[in-house]
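Undergrad: Given next are the chains, with one letter for each unit.
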Amino acid sequence: NAGVMQNPRHLVRRRGQEARLRCSPMKGHSHVYWYRQLPEEGLKFMVYLQKENIIDESGMPKERFSAEFPKEGPSILRIQQVVRGDSAAYFCASSPPSGNTGELFFGEGSRLTVL
Amino acid sequence: EDKVVQSPLSLVVHEGDTVTLNCSYEVTNFRSLLWYKQEKKAPTFLFMLTSSGIEKKSGRLSSILDKKELFSILNITATQTGDSAVYLCAVRPNTGNQFYFGTGTSLTVIP
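Protein chains in written order, with the numbering used here: chain A, 1 to 115; chain B, 116 to 226.
None of these hints come from the bench; they were simulated from the model. One thing to keep in mind: the hints can contain errors.
[Stated by the list, open to error] What the simulated footprint calls covered on chain B by chain A, stretch by stretch (three residues with Cβ under 8 Å from a Cβ of chain A suffice, anywhere in the stretch; the number is not a length):
(1) 145 to 151
(2) 158 to 165
(3) 205 to 212
(4) 215 to 224
Note that the coordinates shown come from a computational prediction; the quantities given were computed from them, not determined experimentally. A virtual CB, placed ideally from N, CA and C, is assigned to each residue, including glycine.
Starting from the given sequences, assemble the full structure and let the hints guide the process.
TA: Structure below.
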């Protein structure tokens with residue numbers, strides 16, 4: 001049973017370009033979370049999605065950031081017109097449907113560097 | 116504002132030492148507290164605590180929760196170099212979908 005898969009593991013973009021980060025949850029998991037981790041900081045919640053639905057995007061910046069989890073395919077975190085401050089590690093996590101143990105299973109992260 | 120505070124921020128010990136990591140929280144409608152170990156990759160799950168006073172144990176690691184004083188500790192006995200990592204504490208409230216993470220404790224175990 002493969003774990004949470006994220007790609008790319010490393011991404012370098014120049015200011016103004018777009019970054020797309022992908023996440024495939026664990027098999028059987030229908031909930032996906034995106035977190036951002038800056039150096040020396042903890043994991044900051046960004047967005048929580050279920051298939052075809054954004055449930056909670058209270059941690060997403062109001063502009064340039066969007067997320068989706070289509071019926072088929074991985075969840076995608078999209079950052080438009082990237083700026084240097086977007087450089088961070090972006091972690092995806094998944095969990096089983098509600099009522100299970102409630103823990104999150106994390107991917108290995110995508111490290112975005114904006115030049 | 117809900118928050119999770121971990122201490123110390125970093126710790127350096129020698130192999131064989133025992134360490135205690137602390138996590139205090141202020142979260143409305145507490146549901147559970149989770150501990151994760153993060154090496155240079157994905158955070159891996161260690162423990163989930165929901166009830167006060169019940170110790171969870173896995174090998175040399177153990178953890179306990181105090182819901183009255185709003186904190187948890189993670190103990191590691193007979194530390195090994197492989198225990199070197201950042202240990203993250205997260206709290207999940209009953210309402211909403213967020214897990215609130217602390218900034219972590221960076222543990223370095225020297226041979």
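Undergrad: Evaluate each hint against the coordinates.
TA: Now the hints, each set against the structure:
1. 145 to 151: This one holds; 4 residues, not fewer than the three required, reach chain A with a Cβ under 8 Å.
2. 158 to 165: holds (count 4)
3. 205 to 212: holds (count 4)
4. 215 to 224: Per the Cβ count (5), the hint holds.
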